[in-house]
Amino acid sequence: MRWKGRERSENVEDRRGMSPRMAIGGGGSILAVLFVLVLKLMDAPAPLQQMAGQLAQRQAQQQPADQPTGEGFDDDYREFISVVLRDTENVWTQLFEAEVQGGSYRPPKLVIFSDRTNTGCGMGQAAMGPFYCPADQMIYIDPTFFEDLARRHKAPGDFAQAYVIAHEVAHHVQNLLGLNNRANQARASGDEQMANQESVRLELQADFLAGVWGRHAHEEYGILEDGDLEEAITAANRIGDDTLQLEAMGYKVPERYKHGTSAQRVRWFKRGFNSGKVEDCQQLMTVGYDQL
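Per numbering that gives the first Met the number 0, residue 0 is the first one in the sequence shown, and the count goes up by one each step.
The hints are simulated quantities; they were obtained by calculation from the structure and are not laboratory data.
Just so you know, these numbers come straight off a predicted model, no measurement behind them.
Yeah, the Cβ is synthetic: ideal placement off N, Cα and C, and Gly gets one too.
One should not assume that every hint holds.
No more than 25 Å apart at the CA atoms, straight line, and that leaves these computed lysine to any residue pairs for SDA-like [what the hints assert, rightly or not]: (1) K3 x E219; (2) K3 x Q290; (3) K3 x H217; (4) K108 x Y288; (5) K276 x S198; (6) K108 x E9; (7) K153 x R237; (8) K257 x D147; (9) K276 x R214; (10) K257 x Y288; (11) K269 x G221; (12) K251 x S274; (13) K153 x I222; (14) K269 x D227; (15) K257 x S198; (16) K108 x Y76; (17) K276 x Q93; (18) K257 x L291; (19) K257 x R237; (20) K276 x M17; (21) K257 x N236; (22) K269 x T92; (23) K251 x R266; (24) K108 x K251; (25) K276 x R105; (26) K269 x D241; (27) K108 x T143; (28) K269 x R1; (29) K257 x Q290; (30) K3 x T92; (31) K276 x K251; (32) K257 x K269; (33) K276 x E88.
Label-pair ranges, simulated between beta-carbon atoms [to be verified]: (34) E219 x K251: 36 to 44 Å; (35) T143 x L176: 30 to 38 Å; (36) K251 x G102: 35 to 43 Å; (37) Q124 x A149: 16 to 24 Å; (38) T285 x A187: 20 to 28 Å; (39) G221 x R151: 26 to 34 Å; (40) T143 x R105: 37 to 45 Å.
Please put together the full structure from these sequences, using the hints given.
Right, here's the structure in full:
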């Protein structure tokens, strides 16, 4: 993947070397996060959710003055993540202008952390893997995940890592467009089977949108080299629910899938890359669950 020396995003915050504040930054932050979660579960109006999310974000970002920063970690991971995030900002800004009526893309901030960190959704830990928090509209990544992806999951390569970042950015896109409303409602219903199925649809849609980004990023910047696309496909294949369950337990439990099978994740990423159209992601919400 061609990324060295290219433009970097300014929306990257490096918290490596920081110590998380006690709990979630004090009682005020705890109440703010709980308030956001309640509003999400109640499917409150979007403006109210947005105001609550901004409150949680302000609380999560407050740090003591004597706390160390991550500025000393100006390494390849930081540069790579910043370049990929910048590509997502450019591509999604263009796609929103072209395909979303009245749409204006608001990019997320990406936080690089080590071990654990405070978020608008509670305490984030490296064991959770990369994740997007809709409450503060931020992405959280511990770069050691990329080492785990290469060694334990046997999915090395820079475009495999770019796929992971693009997938999390896609969750931000879903949040901006309200594409996650069905999944939120399913979780609030208390129906575990429905909630898991809607979660699978949402995750596969994020894979599709990651593919859409990959196509446009390559067309615009020529980022892909020989074998890069295969790296992303390998990563999608290695982190499917069925593959992970077999590795962890020796058997599969389909009713507990939340991200989709390896075959599904590969299929929808490739469809997004081949399509290049944001609107085609709605297919995932109309086909039967057994046809995903």
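Hints, one by one, checked against the model:
Distance restraint check for K3 and E219: the Cα-Cα separation of roughly 16 Å lies within the 25 Å cut-off, and the hinted pair is therefore satisfied. The suggested pairing of K3 with Q290 is violated, with an alpha-carbon distance near 40 Å, which exceeds 25 Å. For the hint pairing K3 with H217, the CA-to-CA distance comes to about 15 Å; that is within 25 Å, so the pair holds. For the given pair, K108 sits about 33 Å from Y288 by alpha-carbon distance, which is inconsistent with the 25 Å threshold.
As the CA atoms of K276 and S198 are separated by approximately 22 Å, the hinted pair is consistent with the 25 Å bound. A hinted pair counts as satisfied when its Cα atoms are at most 25 Å apart, and K108 with E9 qualifies at roughly 9 Å. A C-alpha spacing of about 7 Å is found between K153 and R237, which places the hinted pair at or below 25 Å, so the restraint holds. Taking the CA atoms of K257 and D147, the gap is near 20 Å; set against the 25 Å cutoff, the hint holds.
Annotation: proposed proximity of K276 to R214 holds, straight-line Cα distance about 10 Å (limit 25 Å). Among the hinted pairs, K257 with Y288 is consistent with the structure: their alpha-carbon atoms are about 12 Å apart, no more than 25 Å. Between K269 and G221 the alpha-carbon distance is near 18 Å, which keeps this suggested pair within the 25 Å criterion. For a cut-off of 25 Å, the pair hint linking K251 to S274 is broken: about 31 Å separates their Cα positions.
Among the hinted pairs, K153 with I222 is consistent with the structure: their alpha-carbon atoms are about 22 Å apart, no more than 25 Å. Note on K269 and D227: the hinted pairing holds, with a Cα-Cα distance of about 13 Å set against a maximum of 25 Å. A C-alpha spacing of about 5 Å is found between K257 and S198, which places the hinted pair at or below 25 Å, so the restraint holds. A hinted pair counts as satisfied when its Cα atoms are at most 25 Å apart, and K108 with Y76 qualifies at roughly 16 Å.
Under the criterion of a C-alpha separation no larger than 25 Å, the hint pairing K276 with Q93 is consistent with the structure, at around 12 Å. At most 25 Å may separate the alpha-carbon atoms for a hinted pair to count; K257 and L291 meet this at roughly 13 Å. Distance restraint check for K257 and R237: the Cα-Cα separation of roughly 15 Å lies within the 25 Å cut-off, and the hinted pair is therefore satisfied. Our distance criterion of 25 Å between C-alpha atoms is broken by K276 and M17, whose separation comes to about 40 Å.
In summary, the hint linking K257 to N236 is supported, as the alpha carbons are separated by about 15 Å, within the 25 Å threshold. Taken as a hint, the K269 and T92 pair is honoured in the structure, with Cα atoms around 22 Å apart against an allowance of 25 Å. For the given pair, K251 sits about 20 Å from R266 by alpha-carbon distance, which is consistent with the 25 Å threshold. With a C-alpha separation of about 36 Å, the suggested pairing of K108 with K251 is violated against the 25 Å cut-off.
For the proposed pair K276 and R105, the alpha carbon gap of about 19 Å is at most 25 Å, so the pair holds. With a C-alpha separation of about 19 Å, the suggested pairing of K269 with D241 holds against the 25 Å cut-off. For the hint linking K108 to T143, the alpha-carbon distance of about 19 Å falls within 25 Å, and the restraint holds. Taking the CA atoms of K269 and R1, the gap is about 20 Å. The hint holds against a cut of 25 Å.
For the hint linking K257 to Q290, the alpha-carbon distance of about 16 Å falls within 25 Å, and the restraint holds. For the proposed pair K3 and T92, the alpha carbon gap of about 22 Å is at most 25 Å, so the pair holds. Restraint check: the Cα-Cα separation between K276 and K251 comes to about 33 Å, which exceeds 25 Å; the hinted pair is violated. Proximity of K257 to K269 is assessed by CA-CA distance (about 20 Å); at most 25 Å being required, the pair is judged to hold.
Restraint check: the Cα-Cα separation between K276 and E88 comes to about 17 Å, which is no more than 25 Å; the hinted pair holds. One distance hint, 36 to 44 Å for the beta-carbon pair E219 and K251, holds here, with the actual separation near 39 Å. For T143 and L176, the hinted distance range of 30 to 38 Å is satisfied, since their beta carbons lie about 31 Å from each other. One distance hint, 35 to 43 Å for the beta-carbon pair K251 and G102, holds here, with the actual separation near 39 Å.
Evaluation of the 16 to 24 Å hint for Q124 and A149 yields a pass: the beta carbon distance comes to about 20 Å. Restraint check, T285 to A187: a C-beta distance of roughly 22 Å satisfies the suggested window 20 to 28 Å. About 31 Å separates the C-beta atoms of G221 and R151, a value consistent with the hinted range of 26 to 34 Å. Distance hint check: the CB atoms of T143 and R105 are about 29 Å apart, inconsistent with the given range 37 to 45 Å.
Hints 2, 4, 12, 20, 24, 31 and 40 from the earlier list are contradicted by this structure; the remaining hints agree with it.
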